[in-house]
Amino acid sequence: MADVQTSNPESNFAKAVKEGLVAAALALGLFLLIVGFRTDQNIRNELVLNQRWGLLAIFVLVAGIGRFLLTAYVTPWNAARALSKRTVAAKEAKEQSAFRKSFPKIGLALLFVYPFLVIGTLALYNGSMMGGLQGSLKYVDNFGIQILIYVMLAWGLNIVIGLAGLLDLGYVAFYAVGAYSYALLSSHFGLSFWLLLPMAGIFAALWGIVLGFPVLRLRGDYLAIVTLAFGEIIRLVLINWTVVTKGTFGISGIAKATLFGIPFTPGPGGFANLLGLPNSGVYYKIFLYYLILLLALLTAWVTIRLRRMPIGRAWEALREDEIACRSLGINTTTTKLTAFATGAMFGGFAGSFFAARQGFVSPESFVFLESAIILAIVVLGGMGSLVGIAIAAAVMIGGTELLRELEFLKHIFGNDFTPELYRMLLFGLAMIVVMVWKPRGFVGNREPSAFLHKRKLVSSEFTKEGHG
Amino acid sequence: MAENKALLSIENVETYYGNIRALSGVTVHADAGEIVTLIGANGAGKSTLMMTIFGMPRARSGRIMFDGKDITQLPTHEIARLRIAQSPEGRRIFPRMTVQENLQMGASLDKLEYFDEDVRKVFDLFPRLKERINQRGGTLSGGEQQMLAIGRALMARPRLLLLDEPSLGLAPLIIKHIFEAIKELNKTTGLTVFLVEQNAFGALKLADRGYVMVNGIVTMSGASKDLLANPEVRAAYLEGGRH
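For the protein sequence lines, the chains are A and B, in the order given. Residues 1 to 468 in my numbering are what the first sequence spells out, letter by letter. Residues 469 to 711 in my numbering are what the second sequence spells out, letter by letter.
If we strip away everything but chain B, and leave its shape as in the complex, we get (with noise of 0.2 Å):
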């Protein structure tokens, strides 16, 4: 495909947890106002690739370009300062912080500059967080606090972002509130999306492209309208269960 298009493009990389090889000769790629999404089983090495963007852990071999800029070799805070954002595995939200200021955190790049602007953006799509303002962050619900590793990855107007299992552990109506919430900022601010779920058919239905992960290959890559109607996506992700 179009190579030069691309913002995110991740090219024949191979990262190990000491010896063990989790990820070989991966190549994806994301281009600008896409939204792109990387399904596969648990262990696949979604997380790993998504973390081997933002360097941790750093891939062995292969090269990562974001916007004809190679970062494979550079520190975490200098790729997330590129704004490249991130709700990672887990959250990782600041439990002992508030929402607020957890959303401070997410704004720390601009020193705060944009703050009040764009914590309104971040309320208009998640009203809840509004309500929660001066809680703690460990005290939300899981879907709260999805909320809010989402929004704070926002607050860092992001050109690029991330999202690692944002229905992991959610109820349906949360999870399609924000799969919603993650459509219409694609449609509404053009933001580049690239979305690791286990939710495939989700994933797939929000986003243009998909790849599917095995075992730390990237088996299959196409269009999502086609990868929802392949027999073999269907027969390992699809049946049996409806998300």
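Isolated chain A (complex conformation) (with noise of 0.2 Å):
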């Protein structure tokens, strides 16, 4: 796809023709044995081979007429499209950057006010005060409480992979120690959530130092595959130490968070009766949307502030350049396990939170999917841009929530379509289209932490990796 050319279209029409049929030929070869033939069981047991041409034809033909059109039409449009993006860089620089500034503070407005945007809307659309409360329970819940906690995970990653350049592959172990060290604590001691929201973050901090003192050594590929294996430990230790952790059934019952001592339980004592509204459960959500929205601006102001100090300079540092980094007095030890452990932290933060939100912990929520979402997230939202990484969250969460409620698809397909099972194909493809589309993440720049006269972005297409 890498030719650029475009001065002879007649050729490039002939040339998209037999790229085409290529493609249609290959997909042919590959997809017939795959997607031509099924084996079904009949009703007597026998293995019956079925024929399935249709499809078959679908997925040649879109194999064939994709390839088509992206050889003849797409490619040539990106061609032009880049040529005249570099003519216009710097004007449009300009008015990218002006909208940028402004990105993150509309953001974060619209994200303190979306509760009461959903609810407002939604009681407008029932006509009722209360049909709204109950009507934004799922948006609030399965939307911005689930969005944010990743976001949450996925900025705590950012220090990690981010800044001080460590590639972890085992994020989710801390985010385990928080929920399982809130779960048990709570439910053991009957010790309150604000007490043990730090108290989990702690435990996690020093879990990553645990994690951080035998990887000392390694970068790159090596860390990636020990932090992996650290990830698996954690959890089988959930699943087999069953005296304490009850294995895979999990703890559940476990005590809700409170809002400085006021239960959110109904009756007498609870949030609702004092306030004297109508009972309702949107209340502890709502609650819940607000808790985790400040957790997660707690981990981005402390990044933001970090990054302007020693340590944070010294993690970016150290990503950069780690022999130049000690030559310079920097004391690489410490500097990475100060990473480990913030990174560490903020999962357990959020862990801590994930346990009082659901009531329930297994170690099923904990696998290593999760650490490879939370690491795809930040990879597409560019590596240490926190709006970017923001953005990532709330479109492959989001994204991933509202492929749930593709019921009208089985319109199109039949019933037999269940759009759930295509969820994760989808993530795939968009994060495909996305790194081919932005190789850096959807924010590639690096905002120098220092600046003499003015910011300036350091764009993208420098921003790679290794010595200039």
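A portion of the hints provided could be inaccurate.
Here are the simulated lysine to any residue pairs, SDA-like style, with alpha carbons at most 25 Å apart [stated by the list, open to error]: (1) B/579 x A/301; (2) A/438 x B/607; (3) A/438 x B/606; (4) B/579 x A/308; (5) B/579 x A/307; (6) A/101 x B/600; (7) B/579 x A/322; (8) A/101 x B/601; (9) B/579 x A/323; (10) A/438 x B/603; (11) B/589 x A/308; (12) B/579 x A/332; (13) A/105 x A/398; (14) B/579 x A/306; (15) B/598 x A/310; (16) B/579 x A/304; (17) B/579 x A/305; (18) B/537 x A/333; (19) B/589 x A/310; (20) A/101 x A/394; (21) B/579 x A/331; (22) B/598 x A/307; (23) B/579 x A/334; (24) B/537 x A/332; (25) A/101 x B/602; (26) B/579 x A/333; (27) A/138 x A/106; (28) B/579 x A/310; (29) A/101 x B/603; (30) B/537 x A/331; (31) B/579 x A/302; (32) B/579 x A/311; (33) B/655 x B/641; (34) B/579 x B/591; (35) B/537 x A/323; (36) B/598 x A/308.
Ranges of calculated distance between the beta carbons of each label pair, as one might list FRET restraints [what the hints assert, rightly or not]: (37) A/84 x B/599: 23 to 33 Å; (38) A/323 x B/529: 22 to 32 Å; (39) A/84 x B/551: 46 to 56 Å.
The set of hints was computed from the structure by calculation and includes no laboratory data. Just so you know, even glycine gets a beta-carbon here, dropped at the ideal spot from N, CA and C.
With the hints as a guide, dock the two chains, each given alone in a separate frame, to form the complex.
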């Protein structure tokens, strides 16, 4: 796709036809046995071979026509766009930066009013306040809280990967440590959420240091493998240490968080009762929404502050060049350990929040896929960029939640079609598209943490790893 | 020579990469206020010696003394804290950080206490860096990157400056500028400089004394004038093109 020949449209068209035919032939060969035939059991338990020529034809046509369109139109269009972009780059950069500057503020304001926006809209739609409250549950919980948990996790992981450049594939382990710390300590000792939240963070940070020590000398892929193993070890311990963790049954009935001692229970003394509001589960959800929003903002604030401090600067220098770092008198051991510990701490906070929200934890919630999703969000958003990561989390998590609602597709593909099964496929496709379209993530720019006269973004074209 | 006066003295140092011996019995010293150069061909072990001073890799035997203190087994960052700074091979500036951030990294030993004062001195020495202050390190030209690497080292207020091939890949005019800057620094502040160079002619012209290294062994040493006049040195490093 790299070659850019748009001078002769006719030859381009012929080339596109040829490539389309080749792609179709390849697809035919590839899918003939996989899609064209299907073995089913009939009523007598015999294996019968079904032929699915129609479906095979769709696959082949999609491949062929897709390749044709790509070669004939998309690639030349992209090339032309890149060409025109280069000429107006300066002008565009100016406009973009004005938009970018105000984007975080607008986004933040929207996040703060989001629950009330949802309630208001639904109340109008349903014609009653109660309808608005109950209807908003799904949007505040499934979308708002769910996305914000991942925003926070990804921002936490961003400290380790985006700033310090340490590839951590076992981040979910710290999430698990936080969740189980809260679950166990609250159910055994009855401690409150507000006491256990910082404790969960501290425990996770300690585990971050425990992980950090053995991997001090590792980098890149070796580090990735060891952290991956660490994540699995924590999960396996949670499964097998049944005396304490109850294994795969998980821990249920975990105490909910309270608002400065006011519980969110129906009846006297509860939040709704005190304020004279009608009973509803939605207050707790809204409370949780603001809680995770504040926790996520704390993560962002700490990240922004640290980047301007010597330790944050040292993390970034460590990502760039470890040897140069050491010869400038920076203790890379403590620098790495603080990065692991800080990142893990926010994972721990998020974990204890997760346990308080679900009221139930089990090792199933802390599988490798979770680490992979958090990592994918960081990479897609652009390593080191808080805004980019938030956008990526909203797109990826919000997107997969939306895919649960694709019931209407049943009308198109028939009743056998289950859209849920395609969530991960679409997730993967979306990731590929983003990586082709923006290989450095949504926001590939690194904003300098120190500047003399005016801010100047470091263009993503130049922010490649390695030496200049 | 006068042992007690030496700021840096490397005694009988042997360094290995795995089982391969890179340095054998190297003895080199630099007195306070001197410019000393180590010249030699590709792969002679010049850069290895420089990195060995910083303990990356560590010397397997022998001793490295700095200001009367044995630093052979010291962790790298603590060696740097004794005010030994280096502009390493390949410059190793931080490519995604700006010129200013790179210089700040250099000054991190003193927690930026003397940053404003020192950065002015660096800009006096290399005015080009001032123009590029908000530019990312990786987008600088080779010469500017070299200036940045030296500038970053100077921000640490070093007593000993180690320079590994500052002339590598640079245009003759820029090499001249950088060498003049080194000379100027040495003259005005009395900074001790240990210069590793392939560009033998330029290095010997600049330095007070020189060492010649071949296959990990120091084969010759003496005043720069004498080395420049030495027929063997001339034949091996100087004839066939002055840089």
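The hints, checked one at a time:
1. As the CA atoms of residue 579 of chain B and residue 301 of chain A are separated by approximately 22 Å, the hinted pair is consistent with the 25 Å bound.
2. A threshold of 25 Å between alpha carbons decides the hint, and for residue 438 of chain A with residue 607 of chain B the separation of about 21 Å falls inside it, so the pair holds.
3. Restraint check for residue 438 of chain A and residue 606 of chain B: the C-alpha separation of about 21 Å stays at or below 25 Å, so the hint holds.
4. Taking the CA atoms of residue 579 of chain B and residue 308 of chain A, the gap is about 12 Å. The hint holds against a cut of 25 Å.
5. Between the alpha carbons of residue 579 of chain B and residue 307 of chain A the distance comes to roughly 15 Å, so the proposed pair stays at or under 25 Å and holds.
6. About 24 Å separates the Cα atoms of residue 101 of chain A and residue 600 of chain B, which keeps this hinted pair within 25 Å; it holds.
7. Proximity of residue 579 of chain B to residue 322 of chain A is assessed by CA-CA distance (about 19 Å); at most 25 Å being required, the pair is judged to hold.
8. This hinted pair checks out: residue 101 of chain A and residue 601 of chain B have alpha carbons roughly 22 Å apart, not beyond 25 Å.
9. With a C-alpha separation of about 20 Å, the suggested pair residue 579 of chain B and residue 323 of chain A falls inside the 25 Å cut-off, and the hint holds.
10. Annotation: proposed proximity of residue 438 of chain A to residue 603 of chain B holds, straight-line Cα distance about 23 Å (limit 25 Å).
11. For the hint pairing residue 589 of chain B with residue 308 of chain A, the CA-to-CA distance comes to about 24 Å; that is within 25 Å, so the pair holds.
12. With a CA separation close to 16 Å, the supplied pair residue 579 of chain B and residue 332 of chain A stays within the 25 Å bound.
13. Taken as a hint, the residue 105 of chain A and residue 398 of chain A pair is honoured in the structure, with Cα atoms around 21 Å apart against an allowance of 25 Å.
14. Restraint check for residue 579 of chain B and residue 306 of chain A: satisfied, since their Cα atoms lie roughly 15 Å apart, inside the 25 Å limit.
15. About 22 Å separates the Cα atoms of residue 598 of chain B and residue 310 of chain A, which keeps this hinted pair within 25 Å; it holds.
16. Between the alpha carbons of residue 579 of chain B and residue 304 of chain A the distance comes to roughly 19 Å, so the proposed pair stays at or under 25 Å and holds.
17. The suggested pairing of residue 579 of chain B with residue 305 of chain A holds, with an alpha-carbon distance near 16 Å, which does not exceed 25 Å.
18. Between the alpha carbons of residue 537 of chain B and residue 333 of chain A the distance comes to roughly 24 Å, so the proposed pair stays at or under 25 Å and holds.
19. Restraint check for residue 589 of chain B and residue 310 of chain A: the C-alpha separation of about 22 Å stays at or below 25 Å, so the hint holds.
20. Using a Cα cut-off of 25 Å, the hinted pair residue 101 of chain A and residue 394 of chain A holds, with the two alpha carbons roughly 19 Å apart.
21. Among the hinted pairs, residue 579 of chain B with residue 331 of chain A is consistent with the structure: their alpha-carbon atoms are about 14 Å apart, no more than 25 Å.
22. Of the pairs offered as hints, the one joining residue 598 of chain B and residue 307 of chain A holds, with about 23 Å between alpha carbons and a cut-off of 25 Å not exceeded.
23. Restraint check for residue 579 of chain B and residue 334 of chain A: the C-alpha separation of about 16 Å stays at or below 25 Å, so the hint holds.
24. Taking the CA atoms of residue 537 of chain B and residue 332 of chain A, the gap is about 23 Å. The hint holds against a cut of 25 Å.
25. Only pairs whose Cα atoms come within 25 Å are accepted, and residue 101 of chain A paired with residue 602 of chain B is accepted, the gap being roughly 19 Å.
26. Distance hint between residue 579 of chain B and residue 333 of chain A is fulfilled; the C-alpha atoms sit about 18 Å from each other, no more than 25 Å.
27. Using a Cα cut-off of 25 Å, the hinted pair residue 138 of chain A and residue 106 of chain A holds, with the two alpha carbons roughly 24 Å apart.
28. Between the alpha carbons of residue 579 of chain B and residue 310 of chain A the distance comes to roughly 7 Å, so the proposed pair stays at or under 25 Å and holds.
29. Taking the CA atoms of residue 101 of chain A and residue 603 of chain B, the gap is about 20 Å. The hint holds against a cut of 25 Å.
30. A threshold of 25 Å between alpha carbons decides the hint, and for residue 537 of chain B with residue 331 of chain A the separation of about 20 Å falls inside it, so the pair holds.
31. Taken as a hint, the residue 579 of chain B and residue 302 of chain A pair is honoured in the structure, with Cα atoms around 20 Å apart against an allowance of 25 Å.
32. A hinted pair counts as satisfied when its Cα atoms are at most 25 Å apart, and residue 579 of chain B with residue 311 of chain A qualifies at roughly 11 Å.
33. Taking the CA atoms of residue 655 of chain B and residue 641 of chain B, the gap is about 21 Å. The hint holds against a cut of 25 Å.
34. With a CA separation close to 20 Å, the supplied pair residue 579 of chain B and residue 591 of chain B stays within the 25 Å bound.
35. Taken as a hint, the residue 537 of chain B and residue 323 of chain A pair is honoured in the structure, with Cα atoms around 23 Å apart against an allowance of 25 Å.
36. With a C-alpha separation of about 21 Å, the suggested pair residue 598 of chain B and residue 308 of chain A falls inside the 25 Å cut-off, and the hint holds.
37. The hint said 23 to 33 Å for the Cβ distance between residue 84 of chain A and residue 599 of chain B, and at roughly 30 Å that hint holds.
38. Distance hint for residue 323 of chain A and residue 529 of chain B: a CB-CB separation of about 23 Å, consistent with the stated range 22 to 32 Å.
39. Distance hint check for residue 84 of chain A and residue 551 of chain B: the Cβ-Cβ separation is about 53 Å, which falls inside the suggested range of 46 to 56 Å.
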